[in-house]
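Work out the full structure: start from the sequences and follow the hints.
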Amino acid sequence: MDDRGCLLVFGELEKDDLSSMTAQLMRAGGQLAKNMGRELCLLFIGSASSEAAMKGYGYGADRVMTADDPHLETYLADSFLQPLEQIVRELGPAIVLFGHNDRGFDLAPRLAFRLKAGAILDCVELEPSNDSGLVNFVKPVFGGKALGRFSCSGPPRIASIREGAFEPADFDKSKRGEVLPLSLALDESRIRTRFVGKTTDENLSAALSLTSAKIVVSGGRGLKDKEGVSIIRETADLLGGAIGGSRPVVDNGWLPSSLQVGLTGKKVSPHVYIAVGISGSLQHMAGCLKSKTIVAINCDQSAPIFRLSRIGAVGDYRQILEGFNAEIRNIKEGGMITQNG
Amino acid sequence: MLTIIVCMKVVIDPEMPFSEFRIDRERRKPVPPAGVPPVFSPFDENALECALKIKDSVECRVTVLSMGKMVPKAILQKALAAGANEAVIIEDPEFDNLDPFSTAQILAAAIRKLEAYDLVFTGRQAADWDSGLVWAGIAEMLDMPAVTIARNVKLSEGKALVERCVWDGIELIETQLPALISFSSEVGELRGVTVPALIKAKKREIPKWTRSDVESQKSGLVELKDLYEPELGNVDLYLVPGDSFVEKGRNLAKRLVEEGLF
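So the protein sequences, as listed, match chains A and B.
Under this note's numbering, the first residue of the first sequence carries the number 7, and numbering increases by one thereafter.
Under this note's numbering, the first residue of the second sequence carries the number 4, and numbering increases by one thereafter.
Derived from the structure by calculation, the hints contain no laboratory data.
Being a predicted model, the structure only gives us computed values, none of them experimental.
Here a beta-carbon is modelled for each residue, glycine too, at the ideal position from N, C-alpha and C.
There could be a bad hint or two in this list.
Simulated restraints on C-beta separations [said to hold, decoys possible]: (1) Asn88(B) x Glu194(A): 33 to 41 angstroms; (2) Arg115(B) x Arg120(A): 32 to 40 angstroms; (3) Glu339(A) x Ser247(B): 39 to 47 angstroms; (4) Gly43(A) x Ser22(B): 41 to 49 angstroms; (5) Glu233(A) x Glu62(B): 42 to 50 angstroms; (6) Arg25(B) x Asp137(A): 43 to 51 angstroms; (7) Gly259(A) x Gly172(B): 14 to 22 angstroms; (8) Gly172(B) x His277(A): 47 to 55 angstroms; (9) Lys232(A) x Thr213(B): 31 to 39 angstroms; (10) Arg25(B) x Glu194(A): 48 to 56 angstroms; (11) Ser247(B) x Ser308(A): 17 to 25 angstroms; (12) Leu117(B) x Glu184(A): 19 to 27 angstroms; (13) Lys298(A) x Ser247(B): 53 to 61 angstroms; (14) Ser218(A) x Glu261(B): 24 to 32 angstroms.
Next up, the structure:
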């Protein structure tokens, strides 16, 4: 197969715009496409308003495509994979990028096996490479204890990108273009699953703000009791941030599982991650190592978290946060902090 | 009778202390830690637990499949003691550092070799390489639908109803059988094992297959070029001073504001 193809981004919309994850893929893909001198293509599968899809041009796409069909109204891997496979076969991209999210890690692996293409999931870096692999994919392995640099034979090479690994691409509203609708031939008999329904998480808004917040205050086993959650919540509220927790906090029922940060929970990458009473286990750190600054508050100075943090305070977290909150209130009154969030 | 095959990988204990984790960069693999016994990858244990929950309520047969360069029998005996009916080891010195594409192909071949199956369960990803690909390969090679990141499965009228965890809630997906389902920690931990059950399991023979029993070839689709430690050790820690904890807290706030972090 011709390996001079484009860079294809699997796009998702959120309200009337690209999702934040997709905007990040446009940054990651845009850099690569520029480096390689390739086209950057953006594809939306399922119902996408052309007004929203067109914004893809503002984020740097050279071509924006949509593929819609009544069968694609609700998401099912079995139905989404069909147009995806057809389009990738016809378009012949060198690289296909997905967000590492519910759809990305559901679709990317199966697409790879259908096309007999190499795939690397949960990438945090993409490095242009001079060899035939075109690009090296860097992903955390062993629960974040190590990083692996992989190359994939292609085309196409398929990758999913971890949320927060790239900044969203800049948006230039003057850039517009035509959204190209692609025609599809879906085989209904190959849709072997059925969407029955969905229950929305009752803690949805908190879970939402956790992954997008610039400041996260997170609690661990060291909170000692459920009361500790209200204490970190107070700090988070003061800073306009979100709260999260490590697995013991969720296992103890102090926080809902949707607020768990870690390998098996949410992966967050805020500007500031304040870890309160968190020892710094690998499981947990896999979810927050991408934070720009990690701040540790812990009574045990030998806790691993202090080796991973840039700023730390050793001692009783209740008293430390009491002083912390008082000072933040002070400074706020002085007008030195603008609400962040 | 309903048959569930659970694919379980034996890995270096992911809960081992960070300080003990070493990489052999030359060979691009971790150094097996001394004195830390290997374990089942935790998500695979979640998969087994879900299979056993189904077995609690309907008549069903659970077979555990584990492949690798060396699969300790003792771990498989634990799966039998927990309630699995059968276990099969697929072991070969050649099965070292296989990429997910080769692994999936071997597992798919082994599953074909087993008798009829209705469901194949896996973890969402293995706790060593975290590839998250093998489940998909099994599903595609055996031409089955797949539902990922499940926390519960119910069976009715020849179909499976799967609760799939998504970021904003739970989706309910119905799938035809046979199907592949991948699991996450939301299932809950694998049940404990009683001593009598373990003693009984120790007496069981566990069939062992090798490369010659399953077609296998290296895929060459992905290549690990380097394995290295993330730069964490170099973080210069600034510990905020203070005569009391409250003062430390105040100083911490000042420091973060001074650095322009808020």
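Does the structure break any of the earlier hints, and which numbers would those be?
2, 3, 6, 8, 9, 12, 13
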